[in-house]
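K.L.:
Take a look at the letters that make up each chain.
There are 2 protein chains.
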Amino acid sequence: MITVALPKGSLLKDTIRMLQGAGLDFSGFLDSSNRQLQIVESSGRAQGLLVRAQDVPVYVEYGQAQLGIVGYDVLYEKEPNVAQLADLGFGSCRFSVATKKDGPYRSALDLPPHCRVASKFVHSARRYFQSIDLPVEIIPLSGSVELGPITGMSEAIVDLVSTGRTLKENNLMELEVLFESTARLVAHPLSYRLNVDNLSEYVDLIRQQVLVVA
Amino acid sequence: MITVALPKGSLLKDTIRMLQGAGLDFSGFLDSSNRQLQIVESSGRAQGLLVRAQDVPVYVEYGQAQLGIVGYDVLYEKEPNVAQLADLGFGSCRFSVATKKDGPYRSALDLPPHCRVASKFVHSARRYFQSIDLPVEIIPLSGSVELGPITGMSEAIVDLVSTGRTLKENNLMELEVLFESTARLVAHPLSYRLNVDNLSEYVDLIRQQVLVVA
Numbered sequence: 718m719i720t721v722a723l724p725k726g727s728l729l730k731d732t733i734r735m736l737q738g739a740g741l742d743f744s745g746f747l748d749s750s751n752r753q754l755q756i757v758e759s760s761g762r763a764q765g766l767l768v769r770a771q772d773v774p775v776y777v778e779y780g781q782a783q784l785g786i787v788g789y790d791v792l793y794e795k796e797p798n799v800a801q802l803a804d805l806g807f808g809s810c811r812f813s814v815a816t817k818k819d820g821p822y823r824s825a826l827d828l829p830p831h832c833r834v835a836s837k838f839v840h841s842a843r844r845y846f847q848s849i850d851l852p853v854e855i856i857p858l859s860g861s862v863e864l865g866p867i868t869g870m871s872e873a874i875v876d877l878v879s880t881g882r883t884l885k886e887n888n889l890m891e892l893e894v895l896f897e898s899t900a901r902l903v904a905h906p907l908s909y910r911l912n913v914d915n916l917s918e919y920v921d922l923i924r925q926q927v928l929v930v931a
Numbered sequence: 718m719i720t721v722a723l724p725k726g727s728l729l730k731d732t733i734r735m736l737q738g739a740g741l742d743f744s745g746f747l748d749s750s751n752r753q754l755q756i757v758e759s760s761g762r763a764q765g766l767l768v769r770a771q772d773v774p775v776y777v778e779y780g781q782a783q784l785g786i787v788g789y790d791v792l793y794e795k796e797p798n799v800a801q802l803a804d805l806g807f808g809s810c811r812f813s814v815a816t817k818k819d820g821p822y823r824s825a826l827d828l829p830p831h832c833r834v835a836s837k838f839v840h841s842a843r844r845y846f847q848s849i850d851l852p853v854e855i856i857p858l859s860g861s862v863e864l865g866p867i868t869g870m871s872e873a874i875v876d877l878v879s880t881g882r883t884l885k886e887n888n889l890m891e892l893e894v895l896f897e898s899t900a901r902l903v904a905h906p907l908s909y910r911l912n913v914d915n916l917s918e919y920v921d922l923i924r925q926q927v928l929v930v931a
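In order, the protein sequences belong to chains A and B. Residues 718 to 931, numbered by this note's numbering, are exactly what the first sequence covers, in order. Residues 718 to 931, numbered by this note's numbering, are exactly what the second sequence covers, in order.
Be a bit skeptical, because a hint or two may be false.
Within a straight-line C-alpha distance of at most 30 Å, the following computed DSSO-like cross-link-like pairs (lysine-lysine) qualify [as the list claims (entries may be wrong)]:
no.: 1; chain 1: B; residue 1: 725; chain 2: A; residue 2: 725
no.: 2; chain 1: B; residue 1: 885; chain 2: A; residue 2: 817
no.: 3; chain 1: B; residue 1: 817; chain 2: A; residue 2: 795
no.: 4; chain 1: A; residue 1: 885; chain 2: B; residue 2: 885
Read the hints as simulated data drawn from the structure, not as lab findings. Quick caveat, the model's predicted, so the values are computed rather than measured.
With the sequences and hints as input, model every part of the structure.
P.N.:
So this is what it looks like as structure tokens:
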């Protein structure tokens, strides 16, 4: 029996739809009365683990799940030791540098050296500013990053932007898009190479789903 | 005008009650229709920032807030550079090592060397196992840590326990209590020492509240 790690939150609905198309039904996780984090699929061929998006690569890396679905942003931040098998196309958002709309900056390179940048994605933010050779101080926040520029704690933020509503409401604007993120299919490298429990069959079925949708 | 960082979540209600007792009314944050993360108190003497509990010490450390209220667990994990001024007495919970109820372990020292321990509090967990001289591998999870022992990914977890309901539901039991956590009043060290905006007056009023409650 294979185990699939599913991400809680915004990617869950599309994840379940895509797995259903591949013959794996985990729609029980969408039931609002459900408190189970671990359910066995009706056919008994697979079990699902419902975990935080950031934890999906952890379960896959440790081989506790053979497959997982997670946003590229999480993979970029954590650089986990997992096999990236497919871009699933949904859950698309931008990973951006943003700052105050009425501020003096029009690109990331305009930011003053050694300024402060708040982010939930400390590692990704640091990598980006290193790549443009701008020394900045990253302030690690775990939520409501937009408060950084509003309170004056930071000049800019690095965050995920989907609709742009939060930025707009807080009078912020995107300076630079670092990359576009979408949901990815990942696998435990060894399980995938050894084709444990016919893993490749599920991978093929999920890949076909991507083509159907596209 | 001073700024106070208030923690979202389980400590918010008691935090607001205690600040009200000290003459600072941030009850607007309890209004379910409120989307503001920053409100100025009716008297105009103070502003409140509503942030994630883990971010409270960040705002205080950077001087963006002169005062903050946060659980001791967060302070123990992050060791931020803030002044700890008072134990506020509420929000008490235990920081514990737990494992499967039907497992072979009856104390933390029974755990096998190099076993895996899942935790949201990586730094605190590491410090604890170093203090008992037991080498373990800490698996960083961001939520639903109880899945660690259930899925077999880890032998034990280190987590906050308040009612014990989650442990019970997942057939886990506490092996060891590392410490008891309660809400603490913290201040920006320099602002406190220089008594910016009569900070010490608010600190005294909040301390009196603790005595009233106790």
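K.L.:
Determine for every hint whether it applies to the structure shown.
P.N.:
Against the structure, the hints:
no. : hint          : in the structure
1   : B:725 x A:725 : 20 Å, holds
2   : B:885 x A:817 : 47 Å, violated
3   : B:817 x A:795 : 29 Å, holds
4   : A:885 x B:885 : 44 Å, violated
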